[in-house]
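Based on these hints, arrange chain B on the given structure of chain A.
Chain by chain, the residues run as shown.
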Amino acid sequence: MVFITGGAYQGKREFAKKNFPECKIMENYQRSINEQMRCGLDPIEEAELLLENEELDRLVILCNEVGGGIVPLDTFERDYRENVGRVSCLFAEKADRVIRVVAGIGVTIKE
Amino acid sequence: MLNLVIGQSASGKSEYAENLARKLYENSAGRLYYVATMNPYGEDGLRRIERHRRMRRGKGFETIERQTDIGGITGERGDVFLIECMSNLLANEMFDNHEKEEDVLLRKIVVPIVKLSEKVSSVTVVTNDVFADGREYATDTKLYRKMLGRINVELAKLADNVVEVTAGVPVYIKGSEDA
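Heads up: the sequence lines are chains A and B, in that order. Read in order, the letters of the first sequence are residues 10 to 120 in the working numbering. Read in order, the letters of the second sequence are residues 6 to 184 in the working numbering.
Think of the hints as simulated: they come from the structure by calculation, not from any bench. Positions of the beta carbon are idealized from the N, C-alpha and C atoms, including for glycine. Do not take every clue at face value.
Cβ-to-Cβ under 7 Å is the rule here; a few derived chain B residues that face chain A [unchecked claim]:
id, residue
1, Ala137
2, Arg140
3, Ala143
4, Leu148
5, Lys151
6, Ala161
7, Leu163
8, Lys179
For reference, chain A alone in the conformation it holds in the complex:
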């Protein structure tokens, strides 16, 4: 599995399509985390389930970096940020390769 992280609007999707055309690309994973939380699910458990059920050799997961600002006052926002960060750590740990995309340029930070 390849995990691609980076800030919003950095061209992650374009980068993934171009570099991993043969893979299944799951984009905006931070949105899935948001939805899971709204449904009362635990994003860490959901992420573990996903890793068990997907064909990891052909999987690319894209997720925004969201932890670079002030801690939000709103509890949900705070938990969301925490979950996105923790799930990203989990994906990065399991990934064969981790790429951070900045201004459309992919920098491999783990291989």
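Chain B in isolation, oriented as in the chain A frame:
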């Protein structure tokens, strides 16, 4: 030559970009220009401008005030330009000039900068990293962030060198300082 310098607020990106431009100027035959895009809003704006002026005093830059329409800038073959910075230029176009069309903004900003960089010795653009706070913003700010992201991607695509500055430390993610 086109260089893109990316960094968060107060990351030391300006100082790095200024020194880079000066180094490029030493090996060029033209003039050294600092294109200041900031519109001085409020006291803190004026303070930041003053800080930047002090920082580049004695560094040999000729300052051009250009808050919108970057395409109006012309240069000669050997000239070295530093454009500081994209986040202000875009804000001025979107919120003072009320330009909200994505393609128009790209045409007004990216195209003339690339053209200028092809004519003169080098253009170095300073831009901001404001993309990792995970917040959802209201319409205008959302579009602004999206546009700044798109502009950064487009400029990086065409740039010879792209460097990310963190705590004053430059990391080249495309090209190199010696390129």
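* Taking the least C-beta to C-beta distance, is B:Ala161 closer than 7 Å to chain A? -> holds, 4 Å
* To do: May I ask you to test the interface hint for B:Leu148 with respect to chain A, counting a Cβ-Cβ separation under 7 Å as satisfied?
  => violated, 10 Å
* Asked: Taking the least C-beta to C-beta distance, is B:Ala143 closer than 7 Å to chain A?
  -> At about 15 Å, which exceeds the 7 Å cut-off, the nearest Cβ of chain A leaves the hint on B:Ala143 violated.
* **Interface hint status, B:Lys151 versus chain A (Cβ within 7 Å)** => holds, 5 Å
* Tell me if B:Arg140 is really an interface residue toward chain A, meaning its C-beta lies closer than 7 Å to one of theirs. => OK, holds: B:Arg140 within 7 Å of chain A, min 6 Å.
* Asked: Is the interface hint for B:Leu163 satisfied, with its Cβ closer than 7 Å to some Cβ of chain A?
  -> Constraint on B:Leu163 not satisfied, violated at 11 Å.
* Return the status of the interface hint for B:Lys179: holds when the least beta-carbon distance to chain A is below 7 Å, violated otherwise. => B:Lys179 check passes; min Cβ-Cβ to chain A is 5 Å, inside 7 Å.
* If you take the shortest Cβ to Cβ gap from B:Ala137 to chain A, is it below 7 Å? -> holds, 3 Å
The structure is inconsistent with the numbered hints 3, 4 and 7, although it conforms to all the rest.
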